Each structure stands twice: as structure tokens, then as C-alpha cells.
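Protein chains in written order, with the numbering used here: chain A, 21 to 381; chain B, 21 to 381; chain C, 2 to 331; chain D, 2 to 331.
Partial selection, computed: residues in chain A whose CB lies under 8 Å from chain D:
{"hint": "1", "residue": "E71"}
{"hint": "2", "residue": "G76"}
{"hint": "3", "residue": "A89"}
{"hint": "4", "residue": "S115"}
{"hint": "5", "residue": "T179"}
{"hint": "6", "residue": "H181"}
{"hint": "7", "residue": "A182"}
{"hint": "8", "residue": "Y356"}
{"hint": "9", "residue": "L360"}
To be clear, the hints were calculated from the coordinates, so they are not data collected in a lab.
The structure displayed is predicted, hence computed values, not measured ones.
For glycine and all other residues, C-beta sits at the position ideal for the given N, C-alpha and C.
If you want the building blocks of each chain, they are given just below.
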Amino acid sequence: MTTTEAPAAASHQPLGPGFDVPGRETTYRETFNRTLRDELNRDPDVFIMGEDIAGGAGRTDEEGKPLDAWGGPFAATKGLIQDFGPERIRDTPISEAGFLGAAVGAALTGTRPVVDLMYFDFVAVAFDQLLSNAAKSRYMFGGQTKVPITMFARSGGGTGHAAQHSSNFYSILAHIPGLKVVVPSDAYTVRGLLAAAIRDDDPVMVCNHKKLINTTGFVPDQSYTIDIGKGRLLREGKDVTIVGMSWTSPVCKNAAEQLAKEGIDAEVVDLLSVSPLDEEIFLDSVAKTNRIVIVDEDTPRASMASEVAAVVSEKAFDYLDAPIKRVTGPHTPMPYNRGLEAAFIPDEAAVAGTVKNLLNV
Amino acid sequence: MTTTEAPAAASHQPLGPGFDVPGRETTYRETFNRTLRDELNRDPDVFIMGEDIAGGAGRTDEEGKPLDAWGGPFAATKGLIQDFGPERIRDTPISEAGFLGAAVGAALTGTRPVVDLMYFDFVAVAFDQLLSNAAKSRYMFGGQTKVPITMFARSGGGTGHAAQHSSNFYSILAHIPGLKVVVPSDAYTVRGLLAAAIRDDDPVMVCNHKKLINTTGFVPDQSYTIDIGKGRLLREGKDVTIVGMSWTSPVCKNAAEQLAKEGIDAEVVDLLSVSPLDEEIFLDSVAKTNRIVIVDEDTPRASMASEVAAVVSEKAFDYLDAPIKRVTGPHTPMPYNRGLEAAFIPDEAAVAGTVKNLLNV
Amino acid sequence: MDIPPDKLAWMYTTMYRIRRFEETMLEQTFKGKSMGVTHSSDGQEAGPTGICAHLTDKDWISSTHRGHGHCIAKGLDAKRMMAEIFGKATGQCKGKGGSMHIADFTKGMLGANAIVGAGIPLAVGAALTAKYKGYDSVGVAFFGDGANGQGVLHESMNLASVWKLPVVFACENNHYAEATPVEYAVAVGDIADRAQSYSMPGVTVDGMDAFAVYDAAGEAIARARRGEGPSLIELKTYRYHGHFHADEPHKYRSKEEEDSWHARDAIRNFETRVAEQALMSQDRLTAIRKEIDQEMLDAVEFAENSPMPHLDELYSDVYVSYSNPLQGLR
Amino acid sequence: MDIPPDKLAWMYTTMYRIRRFEETMLEQTFKGKSMGVTHSSDGQEAGPTGICAHLTDKDWISSTHRGHGHCIAKGLDAKRMMAEIFGKATGQCKGKGGSMHIADFTKGMLGANAIVGAGIPLAVGAALTAKYKGYDSVGVAFFGDGANGQGVLHESMNLASVWKLPVVFACENNHYAEATPVEYAVAVGDIADRAQSYSMPGVTVDGMDAFAVYDAAGEAIARARRGEGPSLIELKTYRYHGHFHADEPHKYRSKEEEDSWHARDAIRNFETRVAEQALMSQDRLTAIRKEIDQEMLDAVEFAENSPMPHLDELYSDVYVSYSNPLQGLR
Ligand SMILES: Cc1ncc(C[n+]2csc(CCOP(=O)(O)OP(=O)(O)O)c2C)c(N)n1
Ligand SMILES: Cc1ncc(C[n+]2csc(CCOP(=O)(O)OP(=O)(O)O)c2C)c(N)n1
Ligand SMILES: [Mg+2]
Ligand SMILES: [Mg+2]
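The shape of chain A in the complex, shown without the other chains (with noise of 0.2 Å):
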């Protein structure tokens, strides 16, 4: 057992990609919608609260519905206000800091707040609130509260977003004891996670990366959660391990199909939860892969590269027959040019590159 994992509960998920229920290709768009409808229909305990989650706040339209003016940040809330109103959907001023402060404090008093915090980099101007309230509170006031929060952003790169609105930091979030940390990578673990994630009395933040929001996948009728803290097998194979997360996932099971097609088997894991960190799931594939190649869109220092290498070097370092190698976003802020930001985030031919330079072949 490891400092920061997980209790080895027994993981339900039964639904899914491959399993035999009722569903349909959705997209990450309209799951992640449909699941704060969700979350919102079973418990009045949730709202959501952000900037321009709904917009044109307090004025309604033609029929006298409240106003969605904007339907959120990338669609997210699109419709909401409309069918829970503005005490459910609350439109914020631009004050990050000051209505995450805010979701703390209603948290600690018994609601559970959802706040959308648009795009990952403005956690930053919402940090201090994060790390010193949400996340501490539990532990210094010995254990007498929870904090019930659940917050959103969108990560990454690939939409020309450059420097200040591209963040990838959740290995930054990661490291802060008493915040949990997933990385969805597509609708059907959006859906699960997000759940999850408002269900779960510890605050949580859920990364939405840019270039997941358009992908369509299979998505079960049915409301499910995933379990927080427990990573996936995207494909079972056995020469070497891939580490993917967000949205090197399916890069990496890209990669590894195309791998496939030149005589290599690779095992590829999905993290799903950076904090926790299923250390079992990468142990048990490096035990049998004997290699293993992390994938992380972020820059590289301190990363969950870094978290992922370091963990393997220490309890499967017996299983290991070659040096653990890292591919990940260069030691450099986003820039703009297209093909510059290409060239920042990792991608199926640097992956398949690696493998094979590890593998000699």
C-alpha cells in the first residue's frame, strides 16, 4: 500500500464501451450536459455556479423563461437555467477567487456546490481559495467538516489558445492533500467521473481537456459512476506499458494500434484519477510488460510523468528491463503558432517513437 491510494474497494463498472446495454455514440459535449442534469434532478442539494453559465442573467425570454443567453462555457450548462432556474444556475461576476471562497463556505454549511471554472488556467487566480480552504479545511479543523465541492475547467492545448488559456496543471493539483483530481478521457468516463465526482463528500476538480469536448464515443442510458481513484485498461497487451491520461489516452491507443500493425503488443492504461493514483493498475501491466512509456500532455518537472515514473522505479523496479521513459509537453509555456502548439503536445507518432527506440526496434 502506497501513501496516497485508494482503499482497493471492489470497482463496479459494470457499463460501458463493449458491454452489452442500452446506449448511444454520444458527445463529451452533450454527456457532461447531461450528467449535471442528472446530478441535478437527483439530489437539490447541487447547483452550479460560474461565469456566463447561463448569461444574461436575471432577464428571461420571449416565453418568460430565464434567459440562456449563453449556455456556459463550451456548452456545458447549455439549457439549464431554463429547466432549474437561477437559484440552481447561478451566473457569477468574474471573481474567481471570491465565489470559489464562496462555494467553500456553502459547502462547509451543507449544499454541494458545482462551479464551473471556464478554463483550467484560472484556477490559478482561484489557487489560494482551493489549496487553503477546500482542500485543508478537513484536515486542520480535525476532521469536523467535509467539503463537498466539485469544480470543472477545460485544460489543454490544440485550439490555439495559447499561453494563458491552455493550462495542463493537474499534477499541480495533485500534489495538494485533500483534492481529488480526474482526467476523463472520453463521454463514457466523463460521465462516470463527473457523477462520481458531485456524489463524492471530498472536493473534487474534473479536467476536461479542449480537444476531448468534440469526440463522440458510446455512452449507456443509464446514470453510472466510476470510481475515483481507479484507473482502465484500453487495450491489453504485452511488450510494453503505456501511461496515458486525459487526452494522451486515446493518443496513446492510437499509437498503440498503429504499434500493433508492426509487431508490437502494448498495454495501454488510462489514469482516469490523478489523485488518487491507481498504482496497482500501471504495477500489475509493468510486472508483465517489463517497459513502460508514460504519456502526459504537460510539461515534464514535476509532472504526473514524473509521479508515474517515480512510483514504478520504486515498486516494480525489479519487473523493469529498461529505462522508464516520459514523453510529455516540452518545458515551455503554450505558444500560438499551430504548428508549434503540434509540435508541444505529444502525439502518436513521438509515442510510437519512443516505444520503438525502447524496444530497439
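Following the hints, complete the assembly by docking chains B, C and D with the ligands onto the known chain A.
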């Protein structure tokens, strides 16, 4: 070459303990103050700002000199306002984001601000200015400008300051491209690194561990700098490499001396900088000892301990004879109770015990 | 406003309890019994008392590094507070929080907060809960003059006004933030004047006069309970001791200045007033003092004789959903 | 104030250049030439123009995500701005910044800033440099109505007042932050009224009238240069287009509202006024327009024909003291 390493410029550190130069035993505290004084004298563009760095701002004492009522947090700036006046020793309102942002603006326009952020935890309040402006301006503006600001703050536990005044998250800052982060470990190194930071054209954070501030060590009389991005060996040895940083460096040194009595010859590396990171010094050491233990007071996940482990597991894998071990604080906030706090912070016994386990003795 | 007799006795008890708690706490700190820094609020008793006189356990307050007075006024137990400062397992936070993090959620006390300004939005959030759930509870944010520098205060006041939340912003202007005088750091005449920037009422009150505070707070809290939104109250007051236990305030303020505030001492003020207006008897006052004096002896004894937390406590209470394993990464 | 003829011509040129730049930029964005989101400032030309009319390259401004107008008013080259938006190596930031990060330090333009409110303290810092070095330069912070929610604005205004810095806070109140109306998010009547919280002058100006802006800014900047400290100017204005290129503003504002602002168009206003008062000839106005129209064609051509940055540029400009190696951790 690695992403994040400084070019292998010749490191000139001719002075210091063991060197035959004039000097004396001085406290870290006094040395810090003297270094600020030296740099203020050296460069008229250097000025200092922060809360109560003089205190009672704007008033005068009985002799008509500016009142030095507070002497700055931890006496860092004691007496400076009397010699350099209120234009260069600037008391600020309590508004870390505002005044750090102002310091960045001042640095962008031709001065060299030095900012006292008091406790390391308060970095969180100013985090957006640090991340989005200080660290990114040079890159996102295509190299048009530089941001020569120095920040310093007191980190770490051991003084009963509890959850919100004991942070140690230099890994979070080291993660950020564009920032430099140094972690001096005694009076000698804080002098050289603080002077280097103030003369550096990039933004630099200087972490002063609270437990170091009252320690005493040999400090040369003449002014000197230590290259940012260079570590040092605190002890040569052949059986195992122990890596420390900030307060854990003397802990590692003491542990090594204990171990020596038991016949274990440990090499001790003191990182001194965590960004850039001197990878060569610990890679060379592991190539010799084939074993490594990394000791970091900070919480473990995505920490500097993780980063060192990741670098070693990639670049010195073939030299490793045993798993890489991290000795860190637990994944918890800092507790208040003295016994719990002591249990949080890695001590000599924990380091020595880990080394012995690793060596199976 | 007329103050009912019970409430009057409560107010005297509370002010005297705060005073004696702080004196005792400082004494114990100097004996080495506190495990960290302590910030005494003595001198400032009238503020928390006059405000919390209008609150019940169903109302919420947020607080600061100088939080003992707020705790006591909100009904916390001096024993468990003292034990917390002593770092004991019986402390309000099991010895894990210390002086700067005392909280009691059963009393609506959301915690002292050691980051200047950071507690303020918590009270706004509590007020949001009240509004959302349809409670008639209010939130009160206590903060110092120094916190007026912080942006989160501005954000909190704006947000509370936009959402018309039942919250009172209670600024304890004790004229100094560490050694920095309020006149230096806060670029406005009276702090209460900033209320107009948020379209809320703002009033400056003599923070040494519990009756005046009671009146002003009564109005603000009633307004909040009526659903009319937030208010700002500035309490002009003074801390009798240094910023923290080891601070020597004469380096930045004069004996004369201190004397002028002591001359307006809140407790003495109160005693004079109740005597003059025959609101409470000398016997009653004496009895209260005696009781509290004993309470403080008991608190110290309780704290002294309480056990230290078990070392396993290092790893608990990080998450609700799982316990942290014992040994860190060693 | 009387505006000298040269300045008048400059003002017309600048407003028209901003208008045409934004129109051209949007056109190019819709053609797919921008590599990211763009925020047009057309409609808001009078503000930056009337303010920057008083500035030289030795003065500094900070800006926002909606920064093109500020850049142009501060003298940046339309070619290099357009090239930046196209992501080209010849762009103001080598194509590494994009629309939301255009800067030109040789012109005292400290950069557009994509974090709402984050640019404000930079102008305060620039003013600190001015004061520290004894320059007579000023700093101007441009920000929107939405930024009034942010604490860093409060902190910046307070700090500027405490230190009496030569800075002007220029709030472009275009009545919306994304889809949120200013009346919803900013809990005060006129934003300019918040100035009194910082003991500085605050004035609300018709942001569609370059003459009115010129007068108000002249006073504030002169005051700053005289060493009398900061001021706040609120410019009531309107953005003609959506929040960003793909936004459809009719979802949250009416055609009538838009028309009422178009009726007060800053450029048409200016043309009428100079005609009525015979300050500039029609020929001169026409000549200026022609010149600018051509300039925009040239800017697009320049941007179009410029090369992409070399891939090595990904790794440069992170630090002054060392270059980042090429390949990340792959
Ligand atoms: C964000 C932050 N900055 C600085 C400090 C250090 N600090 C602790 S108390 C204090 C002064 C607070 O003054 P005020 O708000 O007036 O409260 P008082 O101490 O007078 O009760 C300062 C600067 C802190 N704890 N948090
Ligand atoms: C800290 C932060 N929060 C939110 C955003 C997203 N955002 C970008 S522009 C904007 C509205 C800004 O409104 P205003 O200040 O009025 O400027 P305008 O767009 O009207 O020019 C928002 C919410 C951001 N960029 N930064
Ligand atoms: Mg104070
Ligand atoms: Mg606006």
C-alpha cells in the same frame, strides 16, 4: 541534454566552507540581510517590497530616521529602511496578487524588484500573477522582454505554524516554465543564491526554510554568487546516493555521518536549485553508487522527489542496482501538534533507516 | 435598542470570558504551553460580543488568525479551545489545527483562518446556503483592517451584493496590521465608506462600546434576515497586546496611544454603563467574573492533563472517502 | 481642451485604423486565417484613442483580451499585429502570442492579457518604475466592466493610491462581460464611483466621444505627471460585435440597443464635429481613410506572405539565461 537543464557552463564557486578565504560563522538570518544590503548597494535599480518589511511605514524614529518598527518578517530586512529609505524599502498593503503584479510590471519596465512574500503559503494568493505574468511574459511576447524579479518566502514546518503557514510546494513552482526556484540549505548557500537570483534576468523564487533561518555556518566576507541550476556534494561516498534539498540537505548530511559510523559510505547531494535542476550531479553520483534515496519534506505526489526519481529511472537506469526510494512528508497538510509535525518531517532516523533497508543491512 | 437582561448578562460574561481567555492564553504561551504563535484579541471584546449577541448556533461566522474572541462569542468551549492551543487530542481540532484554526461546526463557527482575507468568502458561502435552503440564518465574516488590502474582500462584497445574500461584513479596525497603521495601507477615510462601492449600507461604530455594536449589528443582521442583503460594519477598536505573543508593540505605537484606548476599555465601559443605568447589579458582575476566573483555571487544567494525539492522527482526516495509509512514502 | 490640428488628425487616423483593423481582422478570422479566438473592439475606438493621444512611447499601457485597439492607439504596426494573429514569424511576438498577447515593448505596450484583470497591476508597476526612476512617464491600465469583479483591480487601485503612483485606471464599460450585463455583475451605480474607495478622482465619460475622452484623460494624465497620484476613468461604450468572433450577441442583447449605440458611433461623431467646427476638411478625412484602407490591404498581404516560425521557436524565449533544449522529454 534534458529539457530543463541549464547549459553546462563552468561553475565558479571558489569560496565556501573548507576554502581558505576570510570569513566567519554567521547566522542564515544575518547573512540574508547582509546579502540584500550588498545587492541594494551594488545596483540602484534593485528595491524591495513586501508587507511590514519596515513596518510603521512612513513614520520616523526619534532621530528623524525612517522608523524600522518591524524589521521585516524573520528580520530579513531589519535596518534596511534606515539606510536605503522608503523608496527602496517599500511597505505594501496586504495584497499579494496586487503587489506581485506591480513588481512584474516594474520589472518589465526596467527595474529589479525583490519581493518578500513572507510565508511560502501566500504564494497561493498571488499565484496567477506568478504563473500567468511573471513566468509567461517572456515566452508569450516572443522574447521581447525579460522579468528580472526575485521573490523570497519562508517555507516548511517545524515551528508549529500548522496547515496554512508551513507549505513547501517548490515542486509546484519548479513545474512552471519560465520560473527558476532555488532552495538554499545554509548561510553559505543562501548568500550566493540570493545574490545570483537578484542579478538574474529571469524570475527567481528563493525558498527559505524556517528551520534553517537560525542556523549558523561559515560565510566568506567577500560577496559571491552560486550558479542557479548547480547542486553540490555535501559528502562523497560510494555505497548510496542521498539527495536532499532545503532543510533536508543537513538532515541527509547528518544521516550520512551516522551511517558512516555503521560502515555505510553515503554520498550526499544538495540540489540547491530545483529549477533548473542539476541532473548531472545526481546522475554521476548514481553511476558510482548504484543506489539512490531522495529526501524531500514536501508531500510526495508529483514532488521534486518524484522528479529526481523519474530522471534517474530514465537516464541512469543501467546503473541502478536497487529500487529508487523517496523519503517525503505524507500526503497530508501540516499538522499543528509538535509530535505530529515532527512525524511529518523526514528526519535522520527515517533517512538512515531507508538507506539501511535499501542496502539490506 | 433595549437589551434584554439575559442578553446583557451574556454580553458581560462573553466579554469577560474573552478577556480572561486571552490573558490566560498569553500567560500559557509564555510558559511554553502553546505549540505555535498566538494572537491575542484582548481589547477587542465588544465587537464579537455585540455582533454574536444576535446569532444562534444556526448562524455562521468566519474568522481570522486573531480568532479566539470570535470563537468564544460564538459559544465555543474554553476548555477545548485551550486544549487545541496546547496541541492536545481533546482540542477542538484534535490538536491538528492550533490557535489559528480553531473551529466548531456544531456552533456555526467555520474556523479561524490564517490567510489574511481568506475566511471572508466562506461566510458569503454560508449565507448562500441559508438563502438556497430557505433558512433564516446569516453569515458574518470577521476580518481586520489589514484584510482590506485583499482582493478577495472586494470580490466577496460584490458577490454578496449581486446575490443579495444575508451576510454581514464585520471589519475589526484595530488600527494596525502587524506594524502597519491602517492610515498607511487602506486608502480611504473610513473603511465603512467602501460599502457604497457595493450598494450596501456601511457604518462605522465605536468598537469599544458593546451597546453601540449591539445596535449596529442588530440592524445589519435584521436586514439580512429580512432578505435585504449584505451590510458592512466597521468597528474601531484596538488590540492591547502585540500582533502576536512575541511582538513588542512599542516599536510602532506610543504609550499615550495605548493609554487612550485603555481609558475606553470595553469591559470597564460596560460596567460603568450597567451601573449608571442600574441594568445589572455589582453582585451579579462579581459573580460572573468569579465564575469565569474559575473556568479559565479549569480550562488550563483540562488542557494540561489532556493526552497528546496518537501519531496515527497525522494521516487521518485528509479525505472523507478513504484514510491515508500510515507511513508516507518511507 | 483645445486639440491641436496634428493631434486631431492623429485621432481620426487612429480611430479609423482601429475600426478597419478590427473589420479586416474579423474578416480574416472568418476566412480561417487566425489561429485562435479573436475579440474585436470595434465600436470602442474613442477610448484608447482619446487616452493614448496624451501618451508617448515612454508611457506604458497594459491591456486585455480585447487589445487590438489599445495596441493601435499606442502606435503598434498593423502589419506585425496582423501577422501575429496569423501566427507568423514576423508577428509582433513571432507568432507565439497570438491575438490575446500582442505586445510591443518599444512602444510602451506591455501586452494584451488573456486573464481578466491580470494586466491591471502591470500598469501600476510601470508607474512605480516611473516614480522610482524619476521619469515623468505614466502607466495606463485598460480593463473592461467585467474586470471590476476581480480582486486584483481593488488591490491595484489601493496600492496605487497608497504609493501615489502616476497611473490611470481606464475602465472600458462596454456593458457586457461575455453575455453578462454590467448591471448584473457590478454592484454599484457608476463604476467611476468606486474611485472614492481609494481616495482618487473618478469620472464617467461618454466613451463614444473622443473629444470628451481626450479631456478627461488629459486631466487624469496631467495629474499623474504632476505626481498627484492615480485616477479612475470609466468610458461608457459598446462593442459592435460579439464577445469573440463566433459569438452571436443577439442572444443576449437587442437590435434596438445595438442601433442606439451605432447612432452614436464614435467615428461618425468625430466626423460630424470636425465638419461642424471646421477643424478638418472632408478631403483630409477622405485621404486618411484611403491611406488606412490601403494599410489594411498591405497588412493582410504582409501577414499572408510571411513565413511560419521555425519549429525551434517552440523552445526559445523561456529563460534569458539559457535556451531550452529542443526535444522536450521525448
Ligand atoms: C495572505 C496573507 N498575507 C500575510 C499574512 C501575514 N499576516 C498575518 S496577520 C497580518 C496582519 C493582519 O492585519 P489585520 O487584518 O488588521 O488583523 P489584525 O492582526 O489586526 O487582527 C499579516 C500581514 C497572512 N497571514 N496572510
Ligand atoms: C480570470 C478570467 N476569468 C474569466 C475569463 C474568461 N473571459 C474572457 S473575457 C471575459 C469577459 C470580460 O469582460 P470585460 O472585462 O467587460 O471585457 P470585454 O470582453 O467586455 O472587453 C471573460 C469572462 C478570463 N479570460 N479570465
Ligand atoms: Mg488590524
Ligand atoms: Mg465588457
